[in-house]
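**Q** Those protein sequence lines, which keep their order, are chains A and B.
First residue of the first sequence: 1, per our numbering; consecutive thereafter.
First residue of the second sequence: 1001, per our numbering; consecutive thereafter.
Derived by calculation from the structure, the hints in this document are not laboratory data.
Since we're looking at a predicted model, the values are computed, not measured.
Yeah, the Cβ is synthetic: ideal placement off N, Cα and C, and Gly gets one too.
Worth double-checking, as some hints may not be accurate.
For each label pair, taking beta carbons as the anchor points, the in silico distance ranges come out as [claimed, not checked]:
{"no.": "1", "chain 1": "B", "residue 1": "E1192", "chain 2": "A", "residue 2": "T765", "range": "56 to 66 angstroms"}
{"no.": "2", "chain 1": "A", "residue 1": "D243", "chain 2": "B", "residue 2": "L1287", "range": "38 to 48 angstroms"}
{"no.": "3", "chain 1": "B", "residue 1": "E1192", "chain 2": "A", "residue 2": "D243", "range": "21 to 31 angstroms"}
{"no.": "4", "chain 1": "B", "residue 1": "I1054", "chain 2": "A", "residue 2": "Q242", "range": "57 to 67 angstroms"}
{"no.": "5", "chain 1": "B", "residue 1": "D1169", "chain 2": "A", "residue 2": "A445", "range": "53 to 63 angstroms"}
{"no.": "6", "chain 1": "A", "residue 1": "G335", "chain 2": "B", "residue 2": "K1286", "range": "50 to 60 angstroms"}
{"no.": "7", "chain 1": "B", "residue 1": "N1255", "chain 2": "A", "residue 2": "Q242", "range": "30 to 40 angstroms"}
{"no.": "8", "chain 1": "A", "residue 1": "N39", "chain 2": "B", "residue 2": "K1286", "range": "56 to 66 angstroms"}
{"no.": "9", "chain 1": "B", "residue 1": "G1307", "chain 2": "A", "residue 2": "T113", "range": "50 to 60 angstroms"}
{"no.": "10", "chain 1": "B", "residue 1": "E1192", "chain 2": "A", "residue 2": "N762", "range": "17 to 27 angstroms"}
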Amino acid sequence: MSKNIFGIKNPAPMLAALMLFAITALISPMALSAVQSFNITAKTLPNGQLAYALGSDAEAVIPGPALFVRQGDTINVTLTNTTSAEVGFSVPGLQDKGKGAANALPGQTQNYTFHANKSGTFVYHGNGKEMLGLFGALIVDPTSGPIDRYIDDNGATVPVAQADIDKQFVLFMVGSTFWGTEISGDGTTQKPLWANPNPGAVENDIVRFHILSVGPGHTFHLHAHRWFKTGTNATIDVKLLQDGTDTHSFTVKAGSGVGAGDWQYHCHLVSHMEAGMHGSFKVAPAGGSGASVVGASPYGRILLGPKDEPGLVTFEVSDEPASWFRSARGDAIVGLRNKDVGLTGPDEDKSLDIKTKSLEVIAPGSSVNFVMSDTNGVHTISSLLWPSGAAHMPFNQTTAYRGGGIVKLDTPGLYVFTCKVHPFMFAAVIVDDPDTVGLDLGNPAADYKIDLVTGIKGLPTSTDLAVRLLKTFFIATAPDNWQDYSTGHWSVKFPTLPVRISGAPFGNIASGGLAAPLSAVLNSDQPIAFGSKPAVPGVGEVWVNTQFEKTAGKYKPGTITVVDASNWTVKRKIALPEINMNNPHNMWTNRDQSVVYQTQWFDNKLTLINHADGKLIKNIQVGYSPSHVMTLPSTDDVTIANNGEDSIMMMPAGTSYVFKALPTQAAGQSTAHPHGHWISADGSKIVTPNISTGDVGIYGSNGGIEARTPTGNNAPGAHPVAIGMMPDSSKIYATNLLHHTLSVLDGAGNLLKTVNLIADYNPITGAFADNDGNGKIAVGVLPIQTPVAPDGKSMVIASMGGQIVVVDTSTDTIAAMLDCDPGCHGANFGAKQGGGYYAYVTSKFSNRLAVVDTDPNGDGNLSDATIAGYVPLVTGGNTATDDTVSRLPGFGGQGVLAIPNVYNGWVQNLPETWKSGLTTAQRDPIGH
Amino acid sequence: MTFQSNQQWHVKEFPGNSLAMPNSALLKQSLAAICLVSAMSFLPVAESSAANHIIRMTAEETRNDGFGNKLMAYKMLSHIVDGADITGRYSHDATIPGPTIVLTEGDKVEITLENAIPGAFTHTPGVSKQVSLHVHGVHYKIDSDGTLKVINNHDDEGAGDGLEASYKDYHYTWDVAPGTAGTWAYHDHNFETHNGAETRGLFGAIIVNPAGSAAYAKEYVLYLGDDAFWGMEIDGASKQQSKHGVNPSLSAAKNSDVRFHLIALGTDIHNFSLNGYKWFDPGTNKLINQAAIGPLEKHVFAVKAKGSTQYVDNNFSNKLMGMTGQFIVK
């Protein structure tokens, strides 16, 4: 930007004064049981994180001020809440005086008294908001005698008194980030070191470390040093900090026996190592300064940040629709006005129409931080695109886990992050070079181009593909841009943010790029008509996972919308508030269709639901981020793909416990993270698309890996996401989400063909033409669910880019393309009344169900494939409910299941009552 | 300062202090009182103290899963102790886990690592082809940290083509100083990224015994990975290392004293049990029958082999995946 939006409002001397703040002298060794009083204020930081300050005027810091007391002390805390959220203060592990915690509403002041009945290091935290920054260390030292010990370079154990300590560091492990404070040996001065700092010391300094954690667990490791495990004589150099809150204080002689050096400290969980959770303990030789290097600060160089120091923005990882990666100041981001980005004048108070809470702007050299503070699932933080030539890209985690991620971004341009498990979770960070006009979407040093994770390099930001990717981001992360059929028009408004791209759209690369409001590139407002319901009824019911629909009785999103296929009305909504059902994603039924199995994709549960009345039967733990569920047609045993883990969970028919996990990879191999599996009609094989390893796996349903076949032409991050199989199991189809292809394999897993689903699309100009010469102009951008019809004659591919691709399975070529709604996602076949099949197709960002007839006249030629009609997914007059829809009505369409289940292998097992509605051919799809 | 700087801490001097621990005499008394748990057996100690170890290892590709996915492994090329060649006690092959190097407090180790992984010397900007040895527990200078320069601000300390420097092989010096007794992991820290390939097979352990300490009939080194145990067994008499691999069946003679060395690696936090057995929580006199272990923590305990059982990780998913093995006592 021409105007420096990374404001430096505080003059430097004042900064220095703020950096060091003294806390009142707390060290009173003579007193045996003093009363200590602390006035603590909870504040909102410039990046939206929350933090504690000592007193009301001091700068709030993360970690909060370290509080030193003596064993036996009584501690009175007065908590004043100046944030807009309810916050608290509690100290797990110490004796409190009744209340357990202070909880203060915005603007309130509350008191909390507790007793330091034992010595040790304790976490104090925000009692619900701690993951956002409300945490600190309370150190209770014994009233007399040494407070610690260290192992000298000759092996001797040396007791440590307070006066021996040269300096202390608090390092809080939160999400996948260290938050540090440097403290003088006597505890009287403290300096915030912020995120992932490099604490410093001089060789042979006596340094006491206080390692603490809130949230998911960690192991702390410091290179080349060793110390005692608290309360034992065991010498260690790695210490587990358990889930919840945990602490570990220890003392070392800096560089003892090893000398000076930059000694790395890090969490030793590999997922957290990949997430960037590390720093260096800089031990200077004698005579050196031993100064610490401060990490990334919430006050630093970010949009509207007040200080000229490396800055930090933080995204909360959430199960909340659209706000999956929600900036900690997301509400403020949505409310940004022209003047906030330096556009002054008559329109300076005009809104920038940002709409998304998943966008941030920082200066080069600042960092972006992710913390999984609002999710029950596991995730990865993974680069989707970045400015061409950017250092340390792509950022990736090979294994999904609980935690977060932190990465410093030096190169200007747009960075988009996603979760590989849930690939519609998006965060965008613009690293802006203050010397260019407009926010840089590409690298200014490379004609504003970007690179994509799938291997595309140097894509001009003015191309149609780049614009489409941006559009996907602004739709997915802003419900205001979703296609709501109750409004009659679809208005997709993009921010009026000034941006700089590779040149005039589309595809003109101009040196120096083009500055324009983003809304000039992207905007649409079109009338939308709901369309009519299918003329011919379907058989039975269609169960749809309206995964984003919010209801009043629970915090987590998602309902099941049950459509009566005889009259295309919504018969029932199932929210299950009693279990806070979280992001219901995919379903299957047992043989007699009496139980519906439901996965909770952002959680670790499988839910069993009574088909007849929609009531909960049981909610069971099955492992992280279960995505799809199917039964074995041979035994009715239940198989669950654990998308966040490395196995398929097995649950015996008629039971409600998982008893075995079939590994999706050989021991020690990279975690496969299987998503939308399918099962052969004879129940002998389970076939998974392995999103993390980029292959299709074939597994014996009794165990054993039969094949692992790479898909997507081995492109990095091709992301095979869903599987379909021929009814005779002769072929396997896998869609590669980010490679926009369909992989065709034989039943043994040999790759037969890779169908390019975007051959007819020109990514530069956006023009569509029959480039693949198959006589059709048809594309499937971001293909997802890909079921084969029960009779094996056709297949549909629901493509997130807004298309339904119909494939002729006799030739494995594209037969037709039909329009779909934004976020087109789920598809499954059900029986059409009187014969034939309907493919039911759902879309995440609309609230209607598309009913596709792949061969209306039944002649085997699929070129007349059509959308037979649409069904609204919103509550109607006669809809039975267990909760009240409160927001995002009918949105989030993903998993879809027709009941009765008429796939070959399953249909034969239906009870007679369910078979009676089917034709002879439907009862035996390939055998009649 | 109330106490001499090199004074040992024990319970008599600081009654009631939670930091204080019983001294070893007290520990031995408690040990003798509990028959489930092994007392020390007193087989002769093989290595003399203050020995010089000259070790040469390599890292190779290994263990194809049948579908082209490979892991990597360390292999012992030679191990000379004060001039005596003890290479024969190791496997001739690259193994997962890597060789267990048994040392005594006071020893010095000169260890050279080679890189036999295909493409190790082909430069690829931004990708490290190096493999390294980053060891826990013992003393070493910054040039033996086994990390990349982006981490240690000194050098790319591995064999192969690093981000900034390339080495045909890399030489590390470990000072097995007093105060470093214990079992410690070593692992790669440099392959592809600064995090290395510790979860792709490049890991092993050193066992540092205090000088003059007891020996055991069997030593088992078990690594708790994210989907399986990897392990090996060392015979107390022959020192031969065997049974490398996944969820190995460990064997012991009835009533013999055996020692388990557990090291976790990967991402999962584990809950280990050896069903039916209790042991002392390391560094305490507290008997436990399960242990929470996080990545790169170690947990070492001895038991008297009384009966066959299973060792198991009780982590929800890992247990269902069959992360367990046999402990066979005959």
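**Q** All hints are to be evaluated individually against the structure, with a verdict given for each.
**A** Comparing the hints with the structure gives:
Look at B/E1192 against A/T765: about 38 angstroms separates their beta carbons, and that is not inside 56 to 66 angstroms. For the hinted restraint 38 to 48 angstroms between A/D243 and B/L1287, the CB-CB distance of approximately 25 angstroms leaves it violated. For B/E1192 paired with A/D243, a C-beta distance near 29 angstroms keeps the hint of 21 to 31 angstroms intact. Here the CB-CB span from B/I1054 to A/Q242 is close to 41 angstroms, at odds with the stated 57 to 67 angstroms.
Judged by the Cβ atoms, the range 53 to 63 angstroms given for B/D1169 and A/A445 is violated: they are separated by roughly 38 angstroms. Taking 50 to 60 angstroms as the suggested C-beta distance range, the pair A/G335 and B/K1286 conforms, at roughly 56 angstroms. Roughly 36 angstroms separates the CB atoms of B/N1255 and A/Q242, a value that falls within the hinted 30 to 40 angstroms. Between A/N39 and B/K1286, the C-beta spacing of about 41 angstroms breaks the proposed range 56 to 66 angstroms.
With their beta carbons about 53 angstroms apart, B/G1307 and A/T113 fall inside the hinted range of 50 to 60 angstroms. Checked against the hint of 17 to 27 angstroms, the C-beta distance between B/E1192 and A/N762 comes to roughly 35 angstroms, which is inconsistent with it.
In this structure, the hints that do not hold are numbers 1, 2, 4, 5, 8 and 10, in rising order.
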